[in-house]
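Dock chains B, C and D against chain A, hints included.
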Amino acid sequence: MLKTIVAGTVLSLALAGTALAQAPKPGGIANVVIQPEPPGLMLAMLQNGPTQMVAGNIYEGLLRYDFALKPLPGLAESWSMSEDGKTYTFKLVKNATWHDGKPFTADDVIFSVELLRQTHPRARGNLAKVASVTAPDPYTVVFSLSEPFGPFMGIFEVGSLPMIPKHIYAGTDYKTNPANNTPIGTGPYMFKEWKKGSYIRLVKNPNYHVAGKPYLDEIYWHVIPDAAARAVAFETGKVDILPGGSVENFDVPRLSKIKGACSTTKGWEFFSPHSWLWLNNRKGPTANKAFRQAVSYALDRDFARDVVWNGLGKPATGPFSSSVRYHDPKAAKYSYDPAKAKALLKEAGYKGETVRLLPLPYGETWQRWAEAAKQNLEDAGIKVELVATDVAGWNQKTSDWDYDIAFTYLYQYGDPALGVGRNYVSSQIAKGSPFNNVEGYSNPSVDEAFAKGAVAVGDDQRRPIYEAVQKTLVEDAPVAWLLELQFPTITRCKVHDLVTTGIGVNDGFRDAWIER
Amino acid sequence: MAGFVARRIAKGILVLLAIVVLNFFLIRLAPGDPALVMAGEAGAGDEVFVAQLREKFALDQPLPSQLAAYLRSIVGLDLGYSVRQQMPVATLIGERLPATLLLTGTAFLVSLSLGVLLGSLAARRAGTLADTAITGMALLFYATPLFWVSLMAIILFSVRLEWLPSFGFETVGAGYTGLARAADIVRHLVLPALTLGLFFMAVYVRMTRSSMLEVSRLDFVKTARAKGLTEGVIQRRHILRNALLPVVTLAGLQAGTLVGGAVLTETVFAWPGIGRLMYEALLQRDYNLLLGVFVVSSAMVLIFNLVTDVVYRAVDPRIEVAR
Amino acid sequence: MNNAVPLSAPAPARRRGPLAAFLRHPGAVIGLVILALVVAAALLAPILYPTSPWRMVQRPFVPPFTLERVPLGTDALGRDIAAGLMHGAGVSLIVGLVSTLAALVIGVPLGALAGYLGGRVDDALMRFTELFQTVPSFALAIVLVAILQPSLSSMILAIALVSWPPVTRLVRGEVLSLRSREYVQAAIVTGQTTFTILRREVLPNTLSPIVVLASLMVATAILLESSLSFLGLGDPNRMSWGFMVGAGRTVIRQAWWITAFPGVVILLTVLALNLIGEGLNDALNPRLSRER
Amino acid sequence: MDTDARRIAVAVRDLSLALPAGGDRANAVDGVSFDLVAGEILCLVGESGSGKSMCAHALMGLLPKAVRPVSGTIRLGDTDLLGQDDAAWRDTRGRRIAMIFQEPMTALNPLMRIGDQMAEMFEAHGQLTPKERRARAVALAREVGLPEPERIVRAYPHQLSGGQRQRAMIAMALALEPAVLVADEPTTALDVTTQAQILKLIRDLQRRRNMAVLFITHDFGVVAEIADRVLVLRHGRVVEEGPAAAVLGRPQAPYTRTLLSAVPTMDPPTRPPLSGPKAVEVVGLQKTYVTGGGLWRAPRRTAAARDVAFALHRGETLGLVGESGSGKSSVARLVMRLIEPDAGQVRLGDTDLTRLRGEALRQARSRIQMVFQDPFASLNPRRSVGRIIADGPVAHGVSLPDAMERARRLLDLVGLDAKALERFPHEFSGGQRQRIGIARALALEPEVLVADEAVSALDVSVQAQVLALLEDLKTRLGLSMLFITHDLRVAAQICDRIAVMRQGEIVELKTAGALFANPEHPYTRALLDAVPGRVRQAA
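Chains as they are written, first to last, in full-length UniProt numbering: chain A, 1 to 516; chain B, 1 to 323; chain C, 1 to 292; chain D, 1 to 539.
Which residues of chain A face chain B? A few of them, derived with a C-beta cut under 8 Å, are: (1) Pro-39; (2) Gly-49; (3) Lys-175; (4) Asn-181; (5) Pro-225; (6) Asp-226; (7) Glu-235; (8) Val-391; (9) Ala-392; (10) Ser-399; (11) Ala-430; (12) Ser-433.
None of these hints come from the bench; they were simulated from the model. Using N, Cα and C, we set each Cβ at its ideal position, and we do this for glycine too.
Excised from the complex, chain A in its bound form (with noise of 0.2 Å):
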């Protein structure tokens, strides 16, 4: 795990080191697809992919993360932590402007805190063991928490706790202010136009506060709905960039051998998304464990990387991506066996009952998945009901709990207290999400063991812990993991440096150059 991490950076630096060759040229445009179109850019409010990777340029948080999720300077120029994990400080740079003019503070600081606690579930949560926020002179932040929270430091990035301009949002109703269509950060791209359904244009912020940066003139993020239009628009060159997930897996290797393209799986470490099955813990056929373990050694994953995401990704082998804090592959139990599973099954006392099946409503790579599954587990003796659905209804279905089995994939933000322990812990069961416990899991030794997790200090204390739960959960099989996902950035290789942290597009452009 360690090694991994380690051999990344030094990939990472190899890169940077050929970019260095070349020096950055300012100028230039950049086009860009996004898919869908999002509803806002006001990153507080939405929080949904596209939102994220747009306003990700207009919009920044205190730190950003490189590709082993170790903390860089974002916002703030400097940090440190009290020996009791309880206090940090966060020093901010003194030469940052909102896109208005106006200078970035303490202020701001504080009170993006306390809206955030109000409109984004997520800070919510990674919030809630602050006990206060203060700032003894406009350039510096202390957080105050409760209890030590062993994650602590990898919550600002820009989408989990963006800056928010206290002078324009202060004393008004947030979700009607009327800057949330003219986004206003600190970000190195400010928002020009957006022409809905065709294009979002942004343009160089030239006070930026890194000096010289950013390097590009404007950014066009194009809309394009069809997902074989988008690939002609990069084959035809009116677009240069194609951030993950915009083109289907099919067309992936294609495009990344088309002349004069790079593509990098690079830029998602801090989401890691995470594939699975939920399987309803509640009722029916997958209240078994062993009907679910045999759902686990139905399914081909290798298949599924091969043929349905063309070669990307990796077969999950427990709870925790690879690029997970704390992750243990020696947890992993389930390989592709039919045989194995038809055993449990007869073990299950299963009789043919029919298994809806819910796909993810997210474009062909995911219904092309649904269908190799439902054979995979008919193959097994399994009798699979596929249920189309739209976006509204599979998250109702899931939130609801409405269904069999159902496919999902969740980010997990680097560490299981962020992203893993919401979805196995009993007091994240509540209808009405479709994010947290929807499996309906219940296991008094994995909710204590997350919740020591997360409050013990320090990978010493905390890695035991996390292996010995991976261990159980893997053994129980709330859910059917499949495979860690990748989402490949297909650029023209004349755009150089776009994805420089872990947080990948989604942190914004301000490295990013065009070969002229």
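Same frame as chain A, now just chains B, C and D:
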């Protein structure tokens, strides 16, 4: 005529209101709601978040009062507000409508004129090779799935031949103005308008042909022949003019549906029109926006039907009496 | 007033059977042959391809005409295109026929009532029909499928719900003209009940135009089904042609055959139905038939 | 007649026109010869299917595609028209031979102004300037007696009455002063008074311009009115030819004699007066049709029945005559309760038919039955003849076998073979169908028969047979009959009393003999005067 128009408008408004009520309930029968969609897209969300969104969308109100509020605003010619897009529905539709009208209008005019031309040619040459070729081609286009032609057209003209752009309304960021911009838009327009128009052209070819054949058997055509008129004059002045009446009716019906019916073309060609807006609004359960699109496209249908009737009355002097 | 008998009196012998008229129409015969092949494919699919068409039988992207086992190649998951086409035939036919039948079941009685009863009933029914004709039909179909959530039955229902208004209008028009026909008046005069008159005198005589319209509606329904499936609104458990085109479009560049074959098959089927419709029209409505 | 003085305009010799294979005969027209002479009207007479219209169309080169000339010549001056090409035909049509058609309602382009359609005549032959053409159109309109010529040339066809349209057609045909005019049943679709005017117009114009006219008709009354010479056609062959007086007065061919004898005369036979009990009594019947209208427009009102009252005695035949739009058919339908009256009563014995509703009405209907006009539209094409006749009795509770037995008897009664039971309407001729219609009406053993133009669509010889049948049945079964017709000759033959209707009103009602001998109302007089052939017959 003014009375007729007023009567039709009054009737149209009633139909529109009925459509609003019907669709209002219809849409809400769909599983899920906009709050869930947004929560889902966010990749994170708890009950508080979803509840906040519901409040924001005014979904926490009882259904009848939501309908009453909507009807009130509709009567005031206000299509409401899309909370999801953070914009008034009218603005959103207003931004998309010109593109749709351009696309469907072009497709309509091209298909109508080509269809009538080819259809009358086929009728005149009924039974000959030219007739067989034209009707065969029309039948082929009529039977071809629109989306399939679109895909094939993109492959051929955009990818293989690189003659025409494959998607979008114009070259974004090229900074064209004036004529250059118009030319650019036209280049983008060609493929979607043609593929959309092919089907309708087929319809008009068939309609014109059969209508002309039917009219050509009427007595007054014999009268015209008995006058010693040339075949061209007979075809043009006597047959075609009368044969066009049913075509006008059909065209009126279709011009209306073209407004809302270009979902497929707009999706495949990434044309920023309201057909696509409707589909997206549906998937996002953006109720106000979806209803707004329905209201506007239905209103368009009614307007086009009215225009057709007015045209019909202008062309056919008999109507006044028949009514 | 004096209705002279037409120029060439239709002597009894001149009337030829509609079947003969139909079979003399070369297009209709071609259409019939194609349709027969499609029906045969649907019937033979479970025999020739007993395993599910969803089964991954070969490596993905096998081009057509290279492997004997998969003559038309495989799709992105290695499923047999030929098997998909065969099994899809059934779905297309079922959707086409059942939705058309459903539309007729809605449309014919409404049209008959409106046309025969006239007055307020007619007015009310026509306003109702207008309502459905004013909303763009494809958009309405999409919304309906989305509401009901995609499945074979919801698709059939949606297609039926958007395609009945023309039936109603046609039947109404026919009934309206038949109502004043003398043999209908004769039936009234001889004291037959309204229901009997509709069933015995009126509706049988609207049959020809309805049959013609229905054949075209089946074609349109198959197109609609494929369009909905193309947008991903099809039944995920049924292999259908529209689904195949939709699933193949993302890989159309690498594997043209995945989209091309089902596209061609849809085209041919719809074409066949249209040809049959034209043939039926010529045979059953000789008034409208082509130039002698 | 001096042959040298006759200027032959068109000479038709041995003309044969072939029908497509598979028809009931090989040739539509078989070896027909005739001359069209300047200043003379040649009437081509025959029943339907005689080929008379084909001859007319052959003269214009307007034969249907399937009909080909196989032999013979049509000489116009030095040219054989049959041999000329399309361009020559176009030059001939309108300029040298012009034609008017049967249906003035459909023979004019509905979308063009009358004047423009007249002007087209000049345009087609490259004559005059557009301005002159318009002036000539007005002059022509005036010549054919159209009212307000300046205005009417700007009108559309639908704004004209049937007679005015036929005048417009004639004006068009005369525009280029053709030597020959072909008139194909030009007055058949017109009311009798209008017919008289149009016949007079044609006659006048023909004399004034010294044209040769080929006049196609099936009506011997019209022949008597207008013909100089007559040519009788049967099955495409000439049966008899000669001067009008000779053919009408001393017909040689048996067929001609049969035809002529079938034409009803204007002298009603003397009938014993009837004053038995009233079978039907109609009191104060009112019906006004309201069309169009709405919030912003005043509706158009047409009176179909204005205070109509009459009684029909048992065993009596009451004729209801009038022109189109007089309301006679509406009265028939009101009596049948096929339409609802605005006011008034129809009493059937003691029963007030207008009061009955639903089931009671359905039951009462068996007492009064109807025979319809159109033999092709009055029988359901999809039901066997047996079922058509039996449906009524079955609806009134008779078992199907009994009803079929009754149908068999009725077929025998109306003179049809019992085998007809199993067959379908399209297998029968018009006259046979009308017999089936009568059988259907009789199946319910009614007291009253309403015959609405029951013989109007039939050829004259068939018409005579059906009339005889009706007469016979009425007497044998003791029926009363309300007989609606536009044809005064028919009315004279069959009716005991006759009511003359105009604009929804009965203007005169008396016995047939009295009405013809001594018409009182001016409208009745006008109607009687207009009957074609009356003058010559009287002379």
